[in-house]
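Undergrad: Sequence:
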Amino acid sequence: MNEGKRKAAIKLKTARGQIDGIIKMLEDDRYCVDVSTQILSAIGLLKKANIDILNSHIRSCVITAILEGEEQGGEKIDEIINIIDKYIK
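Take numbering that gives the first Met the number 0: the final residue in the sequence shown is number 88, and no numbers are missing along the way.
Source of the hints: derived by calculation from the structure; they are not laboratory data. Hints should not be assumed to be uniformly reliable.
Computed beta-carbon distance windows for the label pairs [as the list claims (entries may be wrong)]:
1) Q71 - L25: 45 to 51 Å
2) R58 - D28: 33 to 39 Å
3) G68 - M0: 46 to 52 Å
4) G43 - E74: 26 to 32 Å
5) G73 - I22: 39 to 45 Å
6) E70 - L39: 38 to 44 Å
7) G73 - T13: 20 to 26 Å
8) I80 - E2: 23 to 29 Å
9) K4 - D28: 33 to 39 Å
10) K4 - L39: 20 to 26 Å
PhoX-like, lysine-lysine: derived pairs with alpha carbons at most 25 Å apart [claimed, not checked]:
11) K47 - K88
12) K23 - K47
13) K75 - K46
Glycine included, every Cβ here is placed at the ideal spot set by N, Cα and C.
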């Protein structure tokens, strides 16, 4: 596992713990704004984990594809652009 994936895994495990905590907050009928704040925190971690994965992908798979040829590199760049498009919507 490369460094980017390792960092993402740590963030995802932390988010999993936060989500378990959010479920407990709901079961305990905690204040809605507090629950919402924790949900936003978990979403932030998921977004950061996604950036780690994309960073790793660009620095490995995309670079390799570009060096192997224009067609493969173009396909990888299109994949990244599609992900970015989804990310900003």
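Undergrad: Now, for every hint given, state plainly whether the structure supports it.
TA: Against the structure, the hints:
1. Q71 - L25: 45 to 51 Å: Since Q71 and L25 have Cβ atoms about 46 Å apart, the given range 45 to 51 Å holds.
2. R58 - D28: 33 to 39 Å: 46 Å, violated
3. G68 - M0: 46 to 52 Å: Given range 46 to 52 Å: violated, Cβ gap about 27 Å.
4. G43 - E74: 26 to 32 Å: With a Cβ separation near 31 Å, G43 and E74 satisfy 26 to 32 Å, so the hint holds.
5. G73 - I22: 39 to 45 Å: 43 Å, holds
6. E70 - L39: 38 to 44 Å: 41 Å, holds
7. G73 - T13: 20 to 26 Å: 36 Å, violated
8. I80 - E2: 23 to 29 Å: 24 Å, holds
9. K4 - D28: 33 to 39 Å: The hint (33 to 39 Å, Cβ to Cβ) holds, given that K4 and D28 are roughly 38 Å apart.
10. K4 - L39: 20 to 26 Å: For K4 and L39 the Cβ distance comes to about 25 Å; the hint holds.
11. K47 - K88: Distance of about 16 Å is within 25 Å: holds.
12. K23 - K47: 24 Å, holds
13. K75 - K46: Distance ~21 Å between K75 and K46 Cα, so the pair holds.
Checked against the numbered hints above, the structure breaks hints 2, 3, 7 and satisfies the rest.
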